[in-house]
Every structure is written in structure tokens, then in C-alpha cells.
Amino acid sequence: GENVEQHPSTLSVQEGDSAVIKCTYSDSASNYFPWYKQELGKRPQLIIDIRSNVGEKKDQRIAVTLNKTAKHFSLHITETQPEDSAVYFCAATSTGTASKLTFGTGTRLQVTL
Amino acid sequence: DTAVSQTPKYLVTQMGNDKSIKCEQNLGHDTMYWYKQDSKKFLKIMFSYNNKELIINETVPNRFSPKSPDKAHLNLHINSLELGDSAVYFCASSRTGAVDGYTFGSGTRLTVV
Chain E
137 GENVEQHPST LSVQEGDSAV IKCTYSDSAS NYFPWYKQEL GKRPQLIIDI RSNVGEKKDQ
197 RIAVTLNKTA KHFSLHITET QPEDSAVYFC AATSTGTASK LTFGTGTRLQ VTL
Chain U
24 DTAVSQTPKY LVTQMGNDKS IKCEQNLGHD TMYWYKQDSK KFLKIMFSYN NKELIINETV
84 PNRFSPKSPD KAHLNLHINS LELGDSAVYF CASSRTGAVD GYTFGSGTRL TVV
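Heads up: the protein sequence lines correspond to chains E and U, in order. With the first sequence counted from 1, adding 136 to any position gets you our numbering. With the second sequence counted from 1, adding 23 to any position gets you our numbering.
Mixed in with the good hints there might be a few duds.
In silico DSSO-like links for lysine-lysine, alpha-carbon gap of 30 angstroms or less [stated by the list, open to error]:
1) U/94 with E/178
2) U/64 with E/173
3) U/59 with E/207
4) E/204 with U/94
5) E/204 with U/64
6) E/158 with U/63
7) U/67 with E/173
8) E/204 with U/75
9) E/193 with U/67
10) U/59 with E/158
Selected chain E positions facing chain U (Cβ under 8 angstroms, derived; list incomplete) [unchecked claim]:
11) 180
12) 182
13) 229
If the Cβ cut is set under 7 angstroms, some of the chain E residues that face chain U in the computed set are [to be verified]:
14) 170
15) 179
16) 185
17) 191
18) 235
19) 236
20) 239
21) 241
22) 242
Calculated directly from the structure, the hints in this document are not laboratory data. Everything numeric in this text was worked out from a predicted model, so none of it was measured. Where a beta carbon is used, it is the ideal one built from N, C-alpha and C, also for glycine.
Let the hints inform the model, and build the full structure from the sequences given.
Structure below.
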């Protein structure tokens, strides 16, 4: 089955700096890679996703990159703000009837003033 | 209107008891999931149903029994609760194949004492 590794487990940045979270996956059949943000005591919420036919996707201050050959994908947050503080999860799946998202272990991002 | 709703939000119970968690979605999705999030924030899949049919059953003790009366509902019954069952349980739903990721419920924090 799929295995997703995520690094770092904790990340502290100053407000205005950039943050990068990296994930690797094992199953070459995986073709969909979402990122979720989970604030304290809340549900995980989808913030951006990328499919295997695209190498990069951007949405305002958030961008994801995908390297299918190396089985790496990354989340980039620019101009970080205190409200970006949360746990971020990457995930991977090969879409199909019996699909399930396999999640990384999470990165706790702390944006300090 | 809440898209994926879970009840109860909090559940405190004694070891050995039996309890149920209910989940309903109004998104028209045909696949629903149960995930367990432990104290380290790891998100692990337990079960998945597609159109009321069980399609994923990870290595979960037999004390956990899901039931899907229709494709908008997925309940989780837990028998003989143990201390190690304490966690946050998230229900989620998606279109078949998880092609757009999941929508999560707000979670049920189960504490076994």
C-alpha cells in the first residue's frame, strides 16, 4: 500500500518568512495529492491539491510542486501570517473506487511575530 | 448547513462500555470514511463505504463495527471500549475515487476512563 512521509514534524518561522513542507510517497500509481490544514480542535480542511499531470499549482500565498519521477511533493507558503499557524497534512491516493487518502504524519507550523 | 455532521462532539465513557458515533453528509457524495486521529495527530483510515458497501476495512479490532444504512449515513459502533480507543474520530465523505479529496466532519473526541 501507499506510504507517505512528511518533513519536518515541526516548523517555526517568523511572520513574513516562507515555509516549506515536504512529502514523499511510495506508490507510483498515486495521482492525486491534497494538502490539509488543521487548526487546533478543528477538522482538517483542504487548502490546495495537485494532480499528477501538473508540476506546480499556485493559489495566492500557497503553492504546491510535484516531482513524479522522484515521488516528492511540497507545500510552499509565502509571506506567512500568524493565522497560518496550524498542523498541515499532505496526502496521496490513486483515484479509483476503493481509493483512500493516505496521510503524512503532519507538520506543526508556528508563525511567530 | 453543515456538509458532514458528526454526533456526539464529545464522548466520555468508562472502559467496557459500548458506544456509537453517527455521521451524516448532505453533499451527495457516495463514499464515506472513518479515520482515527491519535494523540500524536496521526490520521489513519479505519473503514470506507461506497454506496452502502464496505470497500476498505483496515486492520481494526472486531470491536469496531461500521454501518451504512444509506449512502448519506455512516455510523460507528464500538464494543467493550478500551483505554487505547481514546482518540478523535473523524468521518469524511468524497465522490467515488476521492477525486476531489475529502470533506471532513468536525470530529468526535472519545475519552475512555
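Results for each hint:
no., hint, in the structure
1, U/94 with E/178, "holds, 25 angstroms"
2, U/64 with E/173, "holds, 12 angstroms"
3, U/59 with E/207, "holds, 26 angstroms"
4, E/204 with U/94, "violated, 34 angstroms"
5, E/204 with U/64, "holds, 27 angstroms"
6, E/158 with U/63, "holds, 19 angstroms"
7, U/67 with E/173, "holds, 16 angstroms"
8, E/204 with U/75, "violated, 34 angstroms"
9, E/193 with U/67, "holds, 27 angstroms"
10, U/59 with E/158, "holds, 23 angstroms"
11, 180, "holds, 5 angstroms"
12, 182, "holds, 5 angstroms"
13, 229, "holds, 5 angstroms"
14, 170, "holds, 4 angstroms"
15, 179, "holds, 4 angstroms"
16, 185, "holds, 6 angstroms"
17, 191, "violated, 19 angstroms"
18, 235, "holds, 4 angstroms"
19, 236, "holds, 5 angstroms"
20, 239, "holds, 4 angstroms"
21, 241, "holds, 6 angstroms"
22, 242, "holds, 5 angstroms"
Hints 4, 8 and 17, counting from the list given before, are not met by this structure.
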